[in-house]
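The hints should help you fit chains D and Z onto chain G, whose structure is shown.
Now for the letters of each chain:
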Amino acid sequence: MSDKPLISTRDLSVHFPLRGGGLFGPKPVVRAVEGVNIDIPKGHFFGIVGESGSGKTTLGRALLRAAPITRGDVDYDDGEVQYDLPNINDKELKDYRTRAQLIFQDPYAALSPRMTVRDIIAEPLEVMGLTKSKQETDERVREIAAKCRLNLEHLRRFPHAFSGGQRQRISIARALVSRPRFVVADESVAALDVSIQADVLNLLKEIQHEMGLTFMFISHDLSVVAHVCDHVAVMYLGRLVESAPTRELFAAPRHPYTKALLSAIPSLDPDDRGKAEKLEGEIPSPTNPPPGCKFQTRCRFAQDHCRKVEPKLEQSGSEHAVACHRWQELMESQALETT
Amino acid sequence: MTDTTAINANADQGLKEAYFTAGQGQLIWTRFKKQKAAMVGVMVLVVLILSGLFAPFLTPYTPTIAGRDSGYQNGAPQIPKFWDENGFSARPFIYTPSRERSAATNFRWVTTVDRDARRYMTFFPKGDKYKLFGISGSRHLFGVDEGKIHLFGTDGGGKDIFSRTFHAINTSLAVGTIGVFIAFFMALIIGGISGYYGGWIDSILQMITDAVRTIPAIPLFMALSAFIPIEWSAEARFLFISMILGFIGWPTLARRVRTHLLTERNQEYVLAAQLCGASPSHIIRKHLLPSFTSYIIVDLVISFPYMVLSETALSFIGLGLKDPVNSLGVMLQSVTSADVLLNYQWYFIPVIFFITLVLAFVFVGDGLRDAADPYGDTKK
Amino acid sequence: MSRLLDVNNLTLQFDTDEGRITAVDDVSFSLEAGEVMGLVGESGSGKSVTAKSIMKLNPGNAIYSDDTKVTLHLESGPVDVMSLNTSTELQVIRGGAISMIFQEPMASFAPAISIGDQMVEQLLIHTDMNSKRAKEVSIEMLDRVGISDASTRFKQFAFELSGGMRQRAMIAMALSTKPKLLIADEPTTALDVTIQAQVIDLMKDLVTEFGMGIIFITHDLGVIAQTADKVAVMYLGRLVEQGPVRDVLRNPSHPYTRGLLDALPNLDDLDTPLSPVPGDIPSPLERPPGCVFHTRCSEFIEGRCNVDTPVFSDINENHRAACHLHTPAGGAK
Chain G
1 MSDKPLISTR
11 DLSVHFPLRG
21 GGLFGPKPVV
31 RAVEGVNIDI
41 PKGHFFGIVG
51 ESGSGKTTLG
61 RALLRAAPIT
71 RGDVDYDDGE
81 VQYDLPNIND
91 KELKDYRTRA
101 QLIFQDPYAA
111 LSPRMTVRDI
121 IAEPLEVMGL
131 TKSKQETDER
141 VREIAAKCRL
151 NLEHLRRFPH
161 AFSGGQRQRI
171 SIARALVSRP
181 RFVVADESVA
191 ALDVSIQADV
201 LNLLKEIQHE
211 MGLTFMFISH
221 DLSVVAHVCD
231 HVAVMYLGRL
241 VESAPTRELF
251 AAPRHPYTKA
261 LLSAIPSLDP
271 DDRGKAEKLE
281 GEIPSPTNPP
291 PGCKFQTRCR
301 FAQDHCRKVE
311 PKLEQSGSEH
321 AVACHRWQEL
331 MESQALETT
Chain D
1001 MTDTTAINAN
1011 ADQGLKEAYF
1021 TAGQGQLIWT
1031 RFKKQKAAMV
1041 GVMVLVVLIL
1051 SGLFAPFLTP
1061 YTPTIAGRDS
1071 GYQNGAPQIP
1081 KFWDENGFSA
1091 RPFIYTPSRE
1101 RSAATNFRWV
1111 TTVDRDARRY
1121 MTFFPKGDKY
1131 KLFGISGSRH
1141 LFGVDEGKIH
1151 LFGTDGGGKD
1161 IFSRTFHAIN
1171 TSLAVGTIGV
1181 FIAFFMALII
1191 GGISGYYGGW
1201 IDSILQMITD
1211 AVRTIPAIPL
1221 FMALSAFIPI
1231 EWSAEARFLF
1241 ISMILGFIGW
1251 PTLARRVRTH
1261 LLTERNQEYV
1271 LAAQLCGASP
1281 SHIIRKHLLP
1291 SFTSYIIVDL
1301 VISFPYMVLS
1311 ETALSFIGLG
1321 LKDPVNSLGV
1331 MLQSVTSADV
1341 LLNYQWYFIP
1351 VIFFITLVLA
1361 FVFVGDGLRD
1371 AADPYGDTKK
Chain Z
2001 MSRLLDVNNL
2011 TLQFDTDEGR
2021 ITAVDDVSFS
2031 LEAGEVMGLV
2041 GESGSGKSVT
2051 AKSIMKLNPG
2061 NAIYSDDTKV
2071 TLHLESGPVD
2081 VMSLNTSTEL
2091 QVIRGGAISM
2101 IFQEPMASFA
2111 PAISIGDQMV
2121 EQLLIHTDMN
2131 SKRAKEVSIE
2141 MLDRVGISDA
2151 STRFKQFAFE
2161 LSGGMRQRAM
2171 IAMALSTKPK
2181 LLIADEPTTA
2191 LDVTIQAQVI
2201 DLMKDLVTEF
2211 GMGIIFITHD
2221 LGVIAQTADK
2231 VAVMYLGRLV
2241 EQGPVRDVLR
2251 NPSHPYTRGL
2261 LDALPNLDDL
2271 DTPLSPVPGD
2281 IPSPLERPPG
2291 CVFHTRCSEF
2301 IEGRCNVDTP
2311 VFSDINENHR
2321 AACHLHTPAG
2331 GAK
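Order-wise, the sequence lines are chains G, D and Z.
Numbering-wise, the first sequence is residues 1 to 339 according to our numbering.
Numbering-wise, the second sequence is residues 1001 to 1380 according to our numbering.
Numbering-wise, the third sequence is residues 2001 to 2333 according to our numbering.
Hints are computed from structural coordinates only; laboratory data are not their basis.
Glycine residues also receive a C-beta, built at the ideal position from the N, C-alpha and C atoms.
Each hint should be verified, as a subset may be incorrect.
No more than 20 angstroms apart at the CA atoms, straight line, and that leaves these computed lysine to aspartate or glutamate pairs for DMTMM-like [said to hold, decoys possible]:
| id | chain 1 | residue 1 | chain 2 | residue 2 |
| --- | --- | --- | --- | --- |
| 1 | D | K1036 | D | E1264 |
| 2 | G | K147 | Z | D2280 |
| 3 | Z | K2204 | G | D271 |
| 4 | D | K1033 | Z | D2117 |
| 5 | Z | K2204 | G | E280 |
| 6 | D | K1286 | G | E280 |
| 7 | Z | K2052 | Z | D2080 |
| 8 | D | K1033 | Z | D2015 |
| 9 | Z | K2155 | Z | E2186 |
| 10 | G | K205 | Z | D2269 |
| 11 | Z | K2204 | G | E126 |
| 12 | Z | K2135 | Z | D2117 |
| 13 | D | K1036 | Z | D2015 |
| 14 | D | K1034 | Z | E2018 |
| 15 | D | K1286 | G | D271 |
| 16 | G | K259 | Z | D2269 |
| 17 | Z | K2052 | Z | E2104 |
| 18 | D | K1034 | Z | D2201 |
| 19 | Z | K2204 | G | D269 |
| 20 | D | K1036 | Z | E2018 |
| 21 | G | K259 | Z | D2201 |
| 22 | Z | K2178 | Z | D2143 |
| 23 | G | K205 | Z | E2018 |
| 24 | G | K205 | Z | D2271 |
| 25 | G | K259 | Z | D2268 |
| 26 | G | K278 | Z | D2201 |
| 27 | G | K278 | Z | D2205 |
| 28 | D | K1034 | Z | D2017 |
| 29 | Z | K2132 | Z | D2117 |
Just a sample of chain G residues kept apart from chain D, beta carbon distances all over 10 angstroms, derived [claimed, not checked]:
| id | residue |
| --- | --- |
| 30 | G35 |
| 31 | I88 |
| 32 | D304 |
The following residues of chain Z were derived to be distant from chain G, with all beta-carbon distances above 12 angstroms [to be verified]:
| id | residue |
| --- | --- |
| 33 | D2015 |
| 34 | F2029 |
| 35 | D2067 |
| 36 | L2084 |
| 37 | L2191 |
| 38 | S2275 |
Chain G with its partners taken away, still in its complex shape (with noise of 0.2 angstroms):
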């Protein structure tokens, strides 16, 4: 492994225009993700952590050019070839994708009803002509859905024919059957039954030992996220508000919101009842962010500072950046309390 990540993002910021707004005027826009710095090292399970809104899902979009990137440079080098992203030719776009795949979140709505499993596994070597074939195709096909546990004498059925985890199995094939390198999995064990998630998440994991991958999953399920990540960004209304090791986060975050995110899981303890600490409040429209920190309206250690002044992602240990203006005195006074 190179010390170069796989992936390195510079002031990504993603905006959306919307429908409507004065006549005269700036068009409102949607700041989906704003001024986000990444590194994301080869062979890594990154984590993106968020709510609903918080831009998790657009950022993994940009990344695989299937959203606008407004402003920023994004860095690919996977030590063949290197792409800047946001400037991609369409040839270079066209092997960018063989390199860079989605798995999505709904394993119902992935898969076109209308084709067998086989062709849906097919569909991205067909389109990309990766192979010369259809023996190499198919042998290509039955390779990997060996590889994701798939039975091969399904893959004649349609998709309507398999459970949850049965497709989201298909749809992790279909995903890397091109040999990718990097792969965005945007929740994609959100949808699945707990006994099965289990089994996905450890699937995921053994393909990446096995591919050398580079993965980047996306959750809104910590508990998830801290058990297959080795590292794992937290965002908030578009913005990183902390980043840094998995095990570094769990043991001593950071950020307040991070520390509200992780005291929200409902604890498996009945005993435990109404020990968390609750947040107020909901996350604030990304049309119309608050000034300031954008956790401001929600948190309880906001100062007028606070609400003035945007805080910047900064690094506060070898891996661990966080952005807030007062993590220093609150991580000291926790420290005192707990003393």
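The following block gives chains D and Z in isolation, referenced to the frame of chain G:
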């Protein structure tokens, strides 16, 4: 309880595999087959379409003035019999009618039937020449050895209503088919462009669609029919009417195509294909078109009776096809007079065919829609 | 506490194109007033169908078995739900004695009628309030569930509210008729964690205040641990384990419950790999014979689990599990 579940669980594996490997089309067909009304509709429809197509052979006479029976005008239907008071016959027969007008009948034509003069039915006799699919022939399914047979009676000109009805089904179906196909192609192109590209193209095309939809149909028909030159042949008129119907019929279908494309375009599996680098043409061919063929077929079947109805309505108010041409509308038009109502009720026989045809289409269309649309299913 | 609901031998099948599907198989449980029962299960476990059966809300192709008995104990006397047929008879329970809240509140509000009007309409049908009083009660309820500026929200439509607000409004509407039993079908699943925590708190407060019984349907054992007094675990239409929440979560006695708990990612222990329940949930068309869970069970006993349907046996006083491992008869273990 547990026994039945066990049996269910062990049900034939082959059948289950067939269900799992069944495509959308097969699933729709399986659901469709369970609907009795629709299946009856299909059978009736097939019979009617075939009888329309083979009308020249199935019917004994040319439905135009060339095939008229000058000796039997406004004649009552003749029902073939196998026996009467004069004895039994293995071959069905009818009686010879004779018409008379004299002082005794108050100078009106009165038809009397001579029960002693039997006319025996013949099968595959030679008769009027016709062309069927380019092959000319003169054999008909049935006839009588002497004179003519009129199962549904004759009209004022002496034309055989039986022959006219079957030819009319043919004409009406043809008008409907041409109309539906014109409407369909316009809808597919306009709705398709509108739905796939969206944006301002969509807005403009939708404005045009709405404009066409707001044109009231009847005044337009009246204007257009006034525009048809009198010297146009029946065939030209026929084509013109079909085209008008097509040009009026497309907006509804176009809207459906567009709506469907708009929803289907945002499906995740389309995005999945785009992320593989699939071109728009691949996406349209492999994903979008297959996704709505079933809807399109349903829509076509459902819009068909409206085409037939419109043609009928047009002809009925005298703006569409005119008498020498046989269409169900023309046939319907001739039942409007009080004279028919009082004295010649057999003119109504084509109406029964008309109603059957439209109902069959509606049943089949409804059945198809229920089968193709899993969300309309109450059993879920 | 007084008995509120008895469900005995609830068995329900659906007639579908693919054949007759057993959705609920011989389910019995009871609920006291003021008690929260968590009904846990994965997709296809029949948990929602079970809850809907209590209100007879299942579609027309549902077939209840003859010995199904659902009794609701009201102040006016017991009501045999299965014998209710006409809509006037059912009105006693639907929206009256029983209210229901759903996972997707958007679908439960008519899009073109304001939230307030819907609440008032419901009150007018089920109580003898006049419309002025109904409006007061509605605004009071909206205020009670933590919707700020309730009289303004009263006039708004469902699409104008955020997800969390909508769920609160839904709860307000469900509780305004003062039901004896509230069925909450995955009420927090569509919500973000921080909002979910708020809604769970709200529901806990309301139980203590109103003293009604709640059937809380969810697939999330964490939510159950935070809300329920007792738990019933369902798998493929059968109840496999039930008991007080502490007993079931700390001492799970059915392999499926154990599997579910083990499959959950645990934040306190990041080192142990996740252990999924092996295999897939069978399709309802392929219901396994014997114990429905035997196809995925790690402690499966050949010749017993795939033949005999296990019956409930007591683990302790209130805690019961339906598993052959706990029935002494076979003695295999």
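- [ ] Of all the hints given earlier, name the ones this structure violates by number, lowest first.
- [x] When the structure is compared with the hints, numbers 1, 4, 6, 9, 11, 15, 18, 23, 37, 38 turn out to be violated.
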